[in-house]
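2 protein chains.
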Amino acid sequence: MKIAIFGGTGDLGRGLAINFAAAGHEIVVGSRSQERADQAAATLREALPEGTFTPRENVAAAQEGDLAVVSIPWEGIESTIPPMADALAGKIVVSVVNALRFGKNGAIAEQGDAIGAASCAHKIQDLAPEAKVVVAYNNLPAAGLQARHSLGADVLVCGKSKAAREEVIELTSAIPGTRALDAGPLANALILEGMTALIINLNRRYGGEASVSISGLESAPERPV
Amino acid sequence: MKIAIFGGTGDLGRGLAINFAAAGHEIVVGSRSQERADQAAATLREALPEGTFTPRENVAAAQEGDLAVVSIPWEGIESTIPPMADALAGKIVVSVVNALRFGKNGAIAEQGDAIGAASCAHKIQDLAPEAKVVVAYNNLPAAGLQARHSLGADVLVCGKSKAAREEVIELTSAIPGTRALDAGPLANALILEGMTALIINLNRRYGGEASVSISGLESAPERPV
Chain A
1 MKIAIFGGTG
11 DLGRGLAINF
21 AAAGHEIVVG
31 SRSQERADQA
41 AATLREALPE
51 GTFTPRENVA
61 AAQEGDLAVV
71 SIPWEGIEST
81 IPPMADALAG
91 KIVVSVVNAL
101 RFGKNGAIAE
111 QGDAIGAASC
121 AHKIQDLAPE
131 AKVVVAYNNL
141 PAAGLQARHS
151 LGADVLVCGK
161 SKAAREEVIE
171 LTSAIPGTRA
181 LDAGPLANAL
191 ILEGMTALII
201 NLNRRYGGEA
211 SVSISGLESA
221 PERPV
Chain B
1001 MKIAIFGGTG
1011 DLGRGLAINF
1021 AAAGHEIVVG
1031 SRSQERADQA
1041 AATLREALPE
1051 GTFTPRENVA
1061 AAQEGDLAVV
1071 SIPWEGIEST
1081 IPPMADALAG
1091 KIVVSVVNAL
1101 RFGKNGAIAE
1111 QGDAIGAASC
1121 AHKIQDLAPE
1131 AKVVVAYNNL
1141 PAAGLQARHS
1151 LGADVLVCGK
1161 SKAAREEVIE
1171 LTSAIPGTRA
1181 LDAGPLANAL
1191 ILEGMTALII
1201 NLNRRYGGEA
1211 SVSISGLESA
1221 PERPV
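In order, the protein sequence lines correspond to chains A and B.
My numbering numbers the first residue of the first sequence as 1 and each following residue consecutively.
My numbering numbers the first residue of the second sequence as 1001 and each following residue consecutively.
The set of hints was computed from the structure by calculation and includes no laboratory data.
Please note: incorrect hints may appear among the correct ones.
Straight-line C-alpha distance at most 30 Å; calculated DSBU-like pairs for lysine-lysine [said to hold, decoys possible]:
1. 1091/B <-> 1002/B
2. 2/A <-> 104/A
3. 104/A <-> 1160/B
4. 1002/B <-> 1160/B
5. 2/A <-> 160/A
6. 162/A <-> 1160/B
7. 91/A <-> 160/A
8. 1091/B <-> 104/A
9. 1104/B <-> 1162/B
10. 91/A <-> 1160/B
11. 104/A <-> 160/A
12. 1104/B <-> 104/A
13. 1002/B <-> 1104/B
14. 104/A <-> 162/A
15. 1160/B <-> 160/A
16. 1162/B <-> 1091/B
Here chain B is said to cover these stretches of chain A; the calculated rule only asks that three of the stretch's residues, wherever they fall, bring their Cβ under 8 Å from a Cβ of chain B [to be verified]:
17. 102-111
18. 184-197
Restraint-style ranges between C-beta atoms, simulated for each label pair [unchecked claim]:
19. 1078/B <-> 147/A: 44 to 54 Å
20. 1103/B <-> 78/A: 25 to 35 Å
21. 224/A <-> 1042/B: 23 to 33 Å
22. 73/A <-> 1076/B: 19 to 29 Å
Here a beta-carbon is modelled for each residue, glycine too, at the ideal position from N, C-alpha and C.
Given the sequences, and given the hints that come with them, work out the whole structure.
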């Protein structure tokens, strides 16, 4: 599959790009300018020389990708998404965007009023109304992901379209040691996004890099080792 | 410890009451009327004959408890909490209250405007301003808890007061197969509450009763088996 990644220089976006490329997907690295896209693709190629990373300006990347992953800072949603809205129509857009602020007691998940929508994913959906927005991957351990460790993590997937959720669940098999689970409607996107704040606070308190996993589900697939 | 439980007839409140009593805590069962409290205590005694369950009207229960657990339906916060506010002053109040609605696509976590506060826990804090509100236990598997199974679950604890979080972490050793982790400030209470919606949707999709656990933390205590 051709996967367009926006924000492929952030820790999580970079980790996803490397893992998807390692699994044989072609990554289209989107950025605001061709020059920045070239730089981002070169950095990704250093991390995974056998990967295919094609640099493009954002709109061209959105056009080329069969599926898009949005991993930009949340403050950038309003300026980044509208120019790509037409190109994203009908496509799955995976949002890994989290709206966090950092107080003296730790990371705090922003809520509706501060975001200007029920979640970052909802905001993307509002600005690209024909896209099939899915939330996933927000809570993966980014350093382990970049290093292509087997993560021992479950990926909860929320989205309006069940078919889109299932496609993202299938895509997740590219990431070693993860299992994706269908967690239902997009309405709970804020919860998935906000779990990142909890995880950051756990990492600060106990050290290391937390992974979330789920046990006790009868008919869920096994998590690969 | 004397633990006052409000809403001890719900699945989660009942499960917590049984486990805390089994660990030797004295449970004060609070209800709107003495008669309802008597019934609730009798039902708990059937489940755990060796437990101590003392029935009291809400305000008396709040006065007697060293610590309180609020496990009422979220629509009842506004009528239930204010009469107890003085009795709860200075005490730890553990909220396991979740604001959920059920759509045709599954459980959905309500957000600020619908709740009338940043979370159910915030609403309790607003109405009992001198209490030390802590959020925990929202996501435990209630059937397994009632059956006193070893849960294999982690309990994430959020609250304003670090000392109060630590006391709740210690209290959690009463629940077999769980480990409590300090997840930071109360500001993220909505995320813990909303995870219950995700878990309900996973349970519906895959069957069984999901438990959440965290791996990868360096200095966290081991989860007991």
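Now the hints, each set against the structure:
Distance check on the hinted pair: residue 1091/B and residue 1002/B sit about 12 Å apart at the alpha-carbon level, within 30 Å; holds. Between residue 2/A and residue 104/A the CA atoms are separated by roughly 41 Å; this puts the pair beyond 30 Å, and the hint is violated. Between residue 104/A and residue 1160/B, the direct Cα distance comes to roughly 12 Å. Compliance with the 30 Å bound is thereby established for this hinted pair. Our distance criterion of 30 Å between C-alpha atoms is met by residue 1002/B and residue 1160/B, whose separation comes to about 22 Å.
Of the supplied pair hints, the one linking residue 2/A and residue 160/A holds, its CA atoms being roughly 22 Å apart against a limit of 30 Å. Restraint check: the Cα-Cα separation between residue 162/A and residue 1160/B comes to about 38 Å, which exceeds 30 Å; the hinted pair is violated. For the hint linking residue 91/A to residue 160/A, the alpha-carbon distance of about 13 Å falls within 30 Å, and the restraint holds. As the CA atoms of residue 1091/B and residue 104/A are separated by approximately 24 Å, the hinted pair is consistent with the 30 Å bound.
Between residue 1104/B and residue 1162/B, the direct Cα distance comes to roughly 39 Å. Violation of the 30 Å bound is thereby established for this hinted pair. Restraint check: the Cα-Cα separation between residue 91/A and residue 1160/B comes to about 42 Å, which exceeds 30 Å; the hinted pair is violated. A threshold of 30 Å between alpha carbons decides the hint, and for residue 104/A with residue 160/A the separation of about 36 Å lies outside it, so the pair is violated. For the hint linking residue 1104/B to residue 104/A, the alpha-carbon distance of about 40 Å lies beyond 30 Å, and the restraint is violated.
Distance restraint check for residue 1002/B and residue 1104/B: the Cα-Cα separation of roughly 41 Å exceeds the 30 Å cut-off, and the hinted pair is therefore not satisfied. A distance of roughly 39 Å separates the Cα atoms of residue 104/A and residue 162/A; the hinted pair therefore is violated under the 30 Å criterion. Of the pairs offered as hints, the one joining residue 1160/B and residue 160/A is violated, with about 35 Å between alpha carbons and a cut-off of 30 Å exceeded. Of the pairs offered as hints, the one joining residue 1162/B and residue 1091/B holds, with about 14 Å between alpha carbons and a cut-off of 30 Å not exceeded.
Evaluation of the coverage hint for the segment 102-111 of chain A: fulfilled, as 7 residues show C-beta separations to chain B shorter than 8 Å, against a requirement of three. Restraint check on the segment 184-197 of chain A versus chain B: 10 residues with Cβ-Cβ distances below 8 Å, three needed, restraint holds. For residue 1078/B and residue 147/A, the Cβ-Cβ distance of about 50 Å falls inside the hinted range of 44 to 54 Å, so the restraint holds. In this structure the supplied range 25 to 35 Å holds for residue 1103/B paired with residue 78/A, their Cβ-Cβ distance being about 28 Å.
A hinted range of 23 to 33 Å for the beta carbons of residue 224/A and residue 1042/B is inconsistent with their spacing of about 49 Å. For residue 73/A and residue 1076/B, the hinted distance range of 19 to 29 Å is not satisfied, since their beta carbons lie about 40 Å from each other.
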